[in-house]
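Asker: With chain A fixed as given, assemble chain B onto it according to the hints.
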Amino acid sequence: MAATHLHATREDMRVAYLAALAIVIHVVEAGLPSPLPGIKPGLANIVTVLVLMCFGLRTAAWVTLLRVVAGSLVVGSFLSPTFLMSFSGAVAALLALAAGGLVPGMGAVGYSVLAGMAHMATQFSVAYLLFVPHPALWAMFPVFMTASVGFGVINGIIAAAILGRINTRTVQRPQQTMPLSQHGQ
Amino acid sequence: MRRIPVTFTDCAVLAGALTLLAALYLGLWSPAGQAGSRASIWVSGEQRQSLDLETSRTIRVSGALGESVIEVRDGRVRVADSPGRQKLCVEAGWLSRSGESAICLPNQVVVRIESPQPRFDTVNF
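Chains as they are written, first to last, in the working numbering: chain A, 6 to 190; chain B, 2 to 126.
If we strip away everything but chain A, and leave its shape as in the complex, we get:
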């Protein structure tokens, strides 16, 4: 038997670790009650933003898409309407992150708000087109978008705070030593 040896690179391991973290957050959050169906904090987005800022868009895309697919397998919604909304939202959020990366000086809060809004707008449109094609649904749109901006800001601040801590340990480039003065206090 000609066995193909799959070699896991450092990058693969990193994606796996980070995706596992995002999946746990995704699954725990799926169990939280919500006042309105479709509104949830999107805490897994914190991981996406952090990965984007530390390792770039490619890794962020891997982690996010793995999270959506594996997370839905765990929750049991794979290929269901919920999955479709989750998946399209995640793709839109990644596109928004890619676009946001083109703007100089973009920080964690900006990324998080952009991704949250893109996710919500896409999810809402998919819900309208596929499940509830009633014009009155759009009356709910501002409320959902407000929630997405609110949670986007909160997640962004959490991500920024985490980033402030891990940057001092230089996860990104181990070969580059940071001067002591940048370690904060």
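Please note that a few of the clues may not be correct.
List time: in silico SDA-like cross-link candidates among lysine to any residue, alpha-carbon distance up to 25 Å [claimed, not checked]:
| hint | chain 1 | residue 1 | chain 2 | residue 2 |
| --- | --- | --- | --- | --- |
| 1 | A | Lys45 | B | Ser51 |
| 2 | B | Lys88 | A | Glu16 |
| 3 | A | Lys45 | B | Glu55 |
| 4 | A | Lys45 | B | Ile5 |
| 5 | A | Lys45 | A | Ser130 |
| 6 | A | Lys45 | B | Leu22 |
| 7 | A | Lys45 | B | Leu29 |
| 8 | A | Lys45 | B | Leu19 |
| 9 | A | Lys45 | B | Leu25 |
| 10 | A | Lys45 | B | Gly17 |
| 11 | A | Lys45 | B | Leu15 |
| 12 | A | Lys45 | B | Tyr26 |
| 13 | A | Lys45 | B | Ala16 |
| 14 | B | Lys88 | B | Ser51 |
| 15 | A | Lys45 | B | Ala24 |
| 16 | A | Lys45 | B | Ala23 |
Simulated from the structure, these hints should not be mistaken for lab results.
Answerer: Leaving out everything else, chain B in the frame of chain A:
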């Protein structure tokens, strides 16, 4: 307490987001938006009439229990009276936006503002 890094671009994005939200509320919640021009009246699942909301009038529709009184005035429509016990369709008040409806279930009468894309209401899984 460490300083949380928030950049100028972050603030600009947030300002843009808040502006967009304001525009969304104004655009989608303004009472003038999506005003319908016709109301359809259904009895026992069959469409009986389609009323132009610009023509004020009062009509009577006979349903399963008796007559429902439907009033059209100033581009709006309402069920003024209906033989049901709870009067839910009367309480629904004036309807003017597309998709709004008043349903007199006991009398099997439905008044509904016609919407531009009358497909289906919801799909359940």
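Asker: Evaluate each hint against the coordinates.
Answerer: Do the hints match the structure? See the list:
1. A:Lys45 <-> B:Ser51: Violated: A:Lys45 and B:Ser51 sit about 42 Å apart, past 25 Å.
2. B:Lys88 <-> A:Glu16: Roughly 66 Å separates the two Cα atoms, so the pair is violated.
3. A:Lys45 <-> B:Glu55: violated, 43 Å
4. A:Lys45 <-> B:Ile5: Measuring from Cα to Cα gives roughly 24 Å; hence the hint holds.
5. A:Lys45 <-> A:Ser130: Answer holds: A:Lys45 to A:Ser130 is near 17 Å, not above 25 Å.
6. A:Lys45 <-> B:Leu22: The given pair, whose Cα atoms are some 18 Å apart, holds under the 25 Å limit.
7. A:Lys45 <-> B:Leu29: holds, 22 Å
8. A:Lys45 <-> B:Leu19: holds, 19 Å
9. A:Lys45 <-> B:Leu25: Distance ~20 Å between A:Lys45 and B:Leu25 Cα, so the pair holds.
10. A:Lys45 <-> B:Gly17: OK: A:Lys45 and B:Gly17 at ~22 Å, within 25 Å.
11. A:Lys45 <-> B:Leu15: holds, 19 Å
12. A:Lys45 <-> B:Tyr26: Given pair A:Lys45, B:Tyr26 holds - Cα atoms ~21 Å apart, limit 25 Å.
13. A:Lys45 <-> B:Ala16: Holds: A:Lys45 and B:Ala16 sit about 22 Å apart, inside 25 Å.
14. B:Lys88 <-> B:Ser51: It holds: about 23 Å lies between the C-alpha atoms, which stays within 25 Å.
15. A:Lys45 <-> B:Ala24: Distance ~23 Å between A:Lys45 and B:Ala24 Cα, so the pair holds.
16. A:Lys45 <-> B:Ala23: holds, 21 Å
Hints 1, 2 and 3 from the earlier list are contradicted by this structure; the remaining hints agree with it.
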